[in-house]
Amino acid sequence: AQSVTQLDSQVPVFEEAPVELRCNYSSSVSVYLFWYVQYPNQGLQLLLKYLSGSTLVKGINGFEAEFNKSQTSFHLRKPSVHISDTAEYFCAVRYQGGKLIFGQGTELSVKP
Amino acid sequence: KAGVTQTPRYLIKTRGQQVTLSCSPISGHRSVSWYQQTPGQGLQFLFEYFSETQRNKGNFPGRFSGRQFSNSRSEMNVSTLELGDSALYLCASSWRGAMEQKNNEQFFGPGTRLTVL
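The listed protein sequences correspond, in order, to chains Z and C.
Those letters in the first sequence? Residues 1310 to 1421, by my numbering.
Those letters in the second sequence? Residues 244 to 360, by my numbering.
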């Protein structure tokens, strides 16, 4: 079955520290990969997406993600986080012809 | 361009009642998808409408239904509410069908938070 696993449900980190949010998916066939951010009481906002081409994808707010086909991973990284990055982050995968499947989410908590 | 709007933002109902949620997509978008978000189940796909036709459906009971109007606005209806229906209901719009073309971004609204007592 197609599935998306976000390995950490909560990630606490201090301000200005680097962070990595991990995401693995279940199949290595053609996929399209997305990271969304959800701030409290808001909908989802697209951070970045991988469709094809370079495996390193840069998004908004200084985030980037690397597509690793052999490990079926799409980890999200930021070299230096800010308090305002505190939010829930969702990894999502669309398999060809299929619907968007979301991971369970990772709560990023940035502490001063 | 205005974003996706959802009304109402908050709703409280009691078990057994029915509820209708509304979603207005971005102007020009023809596809509207609905998702249910709960702490336990995460984000789950309910259904998608494109040009007034339901194109895809998730694994939800028949109590969950929807429709789309000629102006692409969509409504979702839940009948005979259960406590477990308490959730944030998100809608997302896109220009093409949600499952067409890789470069077809979905834009999400702020959601309607439904509480069933």
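Since the hints were derived computationally from the structure, they do not count as laboratory data.
Some hints could be false.
[To be verified] Pairs of lysine to aspartate or glutamate, DMTMM-like flavour, derived with a Cα cap of 25 Å: (1) Z:Lys1367 x Z:Glu1397; (2) Z:Lys1358 x C:Glu348; (3) Z:Lys1420 x Z:Glu1373; (4) Z:Lys1367 x C:Glu325; (5) Z:Lys1358 x Z:Asp1317; (6) Z:Lys1367 x Z:Glu1325; (7) C:Lys256 x C:Glu325; (8) Z:Lys1378 x C:Glu348; (9) Z:Lys1408 x Z:Glu1397; (10) Z:Lys1420 x C:Glu318; (11) C:Lys300 x C:Glu325; (12) Z:Lys1420 x C:Glu295; (13) Z:Lys1367 x C:Glu348; (14) Z:Lys1420 x Z:Asp1394; (15) C:Lys256 x C:Asp328; (16) Z:Lys1408 x C:Glu318; (17) Z:Lys1378 x Z:Glu1325.
[Stated by the list, open to error] Chain Z regions said to be covered by chain C (calculated; three or more residues, Cβ under 8 Å): (18) 1353-1360; (19) 1408-1418.
Heads up, the beta-carbon is just placed ideally off N, CA and C, and yes, glycines get one too.
Here is what the structure says about each hint:
1. Z:Lys1367 x Z:Glu1397: Roughly 19 Å separates the two Cα atoms, so the pair holds.
2. Z:Lys1358 x C:Glu348: Measuring from Cα to Cα gives roughly 9 Å; hence the hint holds.
3. Z:Lys1420 x Z:Glu1373: Holds - the C-alpha atoms of Z:Glu1373 and Z:Lys1420 are around 21 Å apart, at most 25 Å.
4. Z:Lys1367 x C:Glu325: This hinted pair is violated, its Cα atoms lying about 42 Å apart.
5. Z:Lys1358 x Z:Asp1317: holds (20 Å)
6. Z:Lys1367 x Z:Glu1325: Holds - the C-alpha atoms of Z:Glu1325 and Z:Lys1367 are around 19 Å apart, at most 25 Å.
7. C:Lys256 x C:Glu325: Cα-Cα ~10 Å, so holds.
8. Z:Lys1378 x C:Glu348: Satisfied, since the Cα-Cα distance of roughly 22 Å is no more than 25 Å.
9. Z:Lys1408 x Z:Glu1397: Roughly 21 Å separates the two Cα atoms, so the pair holds.
10. Z:Lys1420 x C:Glu318: Violated, because 40 Å separates the two Cα atoms, which is more than 25 Å.
11. C:Lys300 x C:Glu325: holds (20 Å)
12. Z:Lys1420 x C:Glu295: Violated - the C-alpha atoms of C:Glu295 and Z:Lys1420 are around 46 Å apart, more than 25 Å.
13. Z:Lys1367 x C:Glu348: Holds, because 16 Å separates the two Cα atoms, which is no more than 25 Å.
14. Z:Lys1420 x Z:Asp1394: Cα-Cα ~10 Å, so holds.
15. C:Lys256 x C:Asp328: Given that 25 Å is the threshold and the Cα spacing comes to 10 Å, the pair holds.
16. Z:Lys1408 x C:Glu318: The given pair, whose Cα atoms are some 20 Å apart, holds under the 25 Å limit.
17. Z:Lys1378 x Z:Glu1325: violated (30 Å)
18. 1353-1360: This one holds; 5 residues, not fewer than the three required, reach chain C with a Cβ under 8 Å.
19. 1408-1418: Holds, because 7 residues of the segment 1408-1418 of chain Z bring their Cβ atoms closer than 8 Å to Cβ atoms of chain C.
Hint check: violations occur at hints 4, 10, 12 and 17; the rest are consistent with the structure.
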